[in-house]
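Asker: So the sequences go chain by chain: E and S.
Per this note's numbering, the first sequence starts with residue 249, numbered consecutively.
Per this note's numbering, the second sequence starts with residue 249, numbered consecutively.
Watch out, some of these pointers could steer you wrong.
Because identical chains cannot be distinguished in the list, a pair is counted as satisfied if it fits within a single copy or across any two copies.
[Stated by the list, open to error] Capping the alpha-carbon separation at 30 Å, the derived lysine-lysine pairs in DSS-like fashion look like this: (1) 651 to 542; (2) 288 to 651; (3) 353 to 609; (4) 538 to 478; (5) 276 to 516; (6) 618 to 516; (7) 353 to 643; (8) 266 to 538; (9) 295 to 478; (10) 562 to 516; (11) 319 to 643.
Think of the hints as simulated: they come from the structure by calculation, not from any bench.
Number of protein chains: 2
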Amino acid sequence: MKVVKFGGSSVASAEQYKKVAEIILADKERKAVIVSAPGKRFDGDQKTTDLLIELAESINNGKTDQAVMAKVLDRYNEIISELHLDSSLIQTIKGRLEELISLYKEDEERLLDALKSSGEDNNAKVMTAYLLSLGHQASYISPKEAGVIVTDEPGNAQILPEAYERIAELRNREGILVIPGFFGYSYQGNIVTFPRGGSDITGSIIAAGLNAVEYENFTDVDSVYCVSPKMVKNPRELKEITYREMRELAYSGFSVFHDEALQPVFQKGIPVRVKNTNRPEAEGTRIVLKRELKGQTVIGIASDNDFCSLNITKYLMNRELGFGRRLLTILEDEGISYEHTPSGIDNMSIILRSHQLVNGKEERVLQRIKEELDVDDINIERKLAMIMVVGEGMKEAVGVAAKAAQALAESRSNIKMINQGSSEVSMMFGVDEESVTRAVNCLYNAYFPSTEKAIH
Amino acid sequence: MKVVKFGGSSVASAEQYKKVAEIILADKERKAVIVSAPGKRFDGDQKTTDLLIELAESINNGKTDQAVMAKVLDRYNEIISELHLDSSLIQTIKGRLEELISLYKEDEERLLDALKSSGEDNNAKVMTAYLLSLGHQASYISPKEAGVIVTDEPGNAQILPEAYERIAELRNREGILVIPGFFGYSYQGNIVTFPRGGSDITGSIIAAGLNAVEYENFTDVDSVYCVSPKMVKNPRELKEITYREMRELAYSGFSVFHDEALQPVFQKGIPVRVKNTNRPEAEGTRIVLKRELKGQTVIGIASDNDFCSLNITKYLMNRELGFGRRLLTILEDEGISYEHTPSGIDNMSIILRSHQLVNGKEERVLQRIKEELDVDDINIERKLAMIMVVGEGMKEAVGVAAKAAQALAESRSNIKMINQGSSEVSMMFGVDEESVTRAVNCLYNAYFPSTEKAIH
Chain E
249 MKVVKFGGSS VASAEQYKKV AEIILADKER KAVIVSAPGK RFDGDQKTTD
299 LLIELAESIN NGKTDQAVMA KVLDRYNEII SELHLDSSLI QTIKGRLEEL
349 ISLYKEDEER LLDALKSSGE DNNAKVMTAY LLSLGHQASY ISPKEAGVIV
399 TDEPGNAQIL PEAYERIAEL RNREGILVIP GFFGYSYQGN IVTFPRGGSD
449 ITGSIIAAGL NAVEYENFTD VDSVYCVSPK MVKNPRELKE ITYREMRELA
499 YSGFSVFHDE ALQPVFQKGI PVRVKNTNRP EAEGTRIVLK RELKGQTVIG
549 IASDNDFCSL NITKYLMNRE LGFGRRLLTI LEDEGISYEH TPSGIDNMSI
599 ILRSHQLVNG KEERVLQRIK EELDVDDINI ERKLAMIMVV GEGMKEAVGV
649 AAKAAQALAE SRSNIKMINQ GSSEVSMMFG VDEESVTRAV NCLYNAYFPS
699 TEKAIH
Chain S
249 MKVVKFGGSS VASAEQYKKV AEIILADKER KAVIVSAPGK RFDGDQKTTD
299 LLIELAESIN NGKTDQAVMA KVLDRYNEII SELHLDSSLI QTIKGRLEEL
349 ISLYKEDEER LLDALKSSGE DNNAKVMTAY LLSLGHQASY ISPKEAGVIV
399 TDEPGNAQIL PEAYERIAEL RNREGILVIP GFFGYSYQGN IVTFPRGGSD
449 ITGSIIAAGL NAVEYENFTD VDSVYCVSPK MVKNPRELKE ITYREMRELA
499 YSGFSVFHDE ALQPVFQKGI PVRVKNTNRP EAEGTRIVLK RELKGQTVIG
549 IASDNDFCSL NITKYLMNRE LGFGRRLLTI LEDEGISYEH TPSGIDNMSI
599 ILRSHQLVNG KEERVLQRIK EELDVDDINI ERKLAMIMVV GEGMKEAVGV
649 AAKAAQALAE SRSNIKMINQ GSSEVSMMFG VDEESVTRAV NCLYNAYFPS
699 TEKAIH
């Protein structure tokens, strides 16, 4: 049994619906289908979810925006009519929206969750109707019926452990099960949306609950690439990657879907396959617990901007027991989370994401460190980029660092930071933002020479 | 005015005394002379200081070891007679020793300090007598008279700030001033020895107090080398090195004298020159505040063994605010000081010196981290060596890391840790102890190709 999830662009129009149905029906194993809300049909189009958020805000501001309401309904109407489905469906959707509004209009957060999630919910109903219209056995299963039991905090649903047993019972259901992504139900009976990962997390949870043989995640790219196509032209496709590699890469802005969404399947060791709704014949990328290394030490390169470094100097710092702890306590007081703390003998640096140092926090933190730790000098270095070189084969290989450092030297990037020693599967380099594209391209050429064949 | 310090081997015998006198008299600027206790005259010889410690222990155990007492007196007697000095001097020394013993025999720690320091004290008296016998104006100045005022904790003297003004007054004294190293006097009138650096720290303090133009430190090597001769055959000599470079190198077992001994001259920016008593014509090594880089990015390579790494894994660690602080708090509780804490996304390592994890501490720390921080996995990696590559020119240079990593790859060393990002003048690599010699030699060959000329 496979769980299949379709992203927003895969279910944005009637035309896409047809592709999706073909995909579902092409494999009897595809039993549970998770759908997102209708996404963009073209550049500049609005996602249904964004329209629904607009709608909720208008209501919370005291006046329902009928124009936006109409736009929302149009999205479904277009699909329903083009697929010649029973037009009464649109009435059901309209009725449900009005029901949610009257139900929650007094509660800003609950209303937002309810309307946001309706994008997926109604799309699941339409998809079910379409599959039925094609003469197949299919049923809409609400997250409540499916057993997706979550915590009750609006916009921050966490799945509850007992949910998985409930979900397992779906195995006995006949036909194709269509489940809306992005939300669950709390014991209090509330609709609660997930904080991250949207429909991906639902798919992952259902796959874990059903103990699926594979979790297929259909999106609009042929595969996961070894480096972002925004950084390198036509980068190599990845046929197989481990959860760990995926997660390390996801850390630095490299993400087909949010890495935390993988946790449920990750814990059960269920393989994930990323595929393209528009090119289902493409093999896609498998995300697995373990993979054969095939001599490939580095599998991917990711990078992220907007880091900064607090550089602290104090003579005999390394003989001062408790210095590091006191420094981190100040950061904790200020609610600042740091990424790395490279330390020398008389100096220590704190690498963190710059957006945390706003509204006078920077001045306050520098001041506190200067005074409370009596440091000789403290300065802040801005506009740093972190580059992550990732691969399960790195731990044992000799010369990986040399190759990377060599490539960075060729890119004329001044290495501000090197972090290796903790993670077994990654190495991190800090460089100036202005040199990051150059650096990533040189690293790519070093680890993925064009002469080599693709990894498979 | 220069301050000249002579190490134990430089004042171990009459023959060495002659060299020392020649050196002092060769330069009128050499005004203040700091002497150590007579050191080893040949391999397997005993240092006077060690004899004196033995003597103190015998007394503390209730019975003065006359044989050891005799050995101590013989050391001075040999020098006095061979230099044809007034034989009554030995009586003075004997008398002083007996005086100290009766004075402190009730107080174990004070007695140890008093006897230990008498090695330098008596040697200063003999040196003064010798200079006088050669017809030069010279006087013995006790640390009390010199104004070396220190804190009162036995064996852990810390210089007091007001000492420097007192010492400055020595500028007005006529002739050569001979001052014993290694100890000072507390306001309570006690003899207190320095915890580290022995006579070097005294020399450094006197040089700072007198605001000397140079602090000459005479020992038995021609110069400081860019790498330990124990690791590399005939390594290159260093003509000039900065305090910072010296300190970074000293951290990993690379040390002509204890780096903290330099602090007083360091703060005044007084240059230090390391010279060889047995080859005074050799230029030696200057330790300065600033030096011209002359295109040399790396100036030295040091290494030290016996490190270990605690490797901790916990899923989503990097989103757990306060994790690092709580981890360091546990180490602090246990009185463990760490060197570095490289961190990944779901993992963090603590690099520390292994000797700290004895007497069940290792088990307790691992247990506490496992339980109190609820980590997924923790393991300890032993027998790690740290290699420090140092040079003021490194910060700005591109490709330094590449060269180092390349050299380590050639040495077939698996790099366990790379630490760069905090110190501007060093880069640190962690490798297995078994590969450290190979690694250091490859690094040496990379940064100091034999074709190049010496650094000067």
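Asker: Determine for every hint whether it applies to the structure shown.
Answerer: The hints, checked one at a time:
no., hint, result
1, 651 to 542, "both (18 Å within a copy, 28 Å between copies)"
2, 288 to 651, "neither (41 Å within a copy, 49 Å between copies)"
3, 353 to 609, "neither (37 Å within a copy, 60 Å between copies)"
4, 538 to 478, "within (28 Å within a copy, 45 Å between copies)"
5, 276 to 516, "within (22 Å within a copy, 82 Å between copies)"
6, 618 to 516, "between (48 Å within a copy, 23 Å between copies)"
7, 353 to 643, "neither (55 Å within a copy, 60 Å between copies)"
8, 266 to 538, "neither (35 Å within a copy, 73 Å between copies)"
9, 295 to 478, "within (22 Å within a copy, 69 Å between copies)"
10, 562 to 516, "between (48 Å within a copy, 17 Å between copies)"
11, 319 to 643, "neither (53 Å within a copy, 58 Å between copies)"
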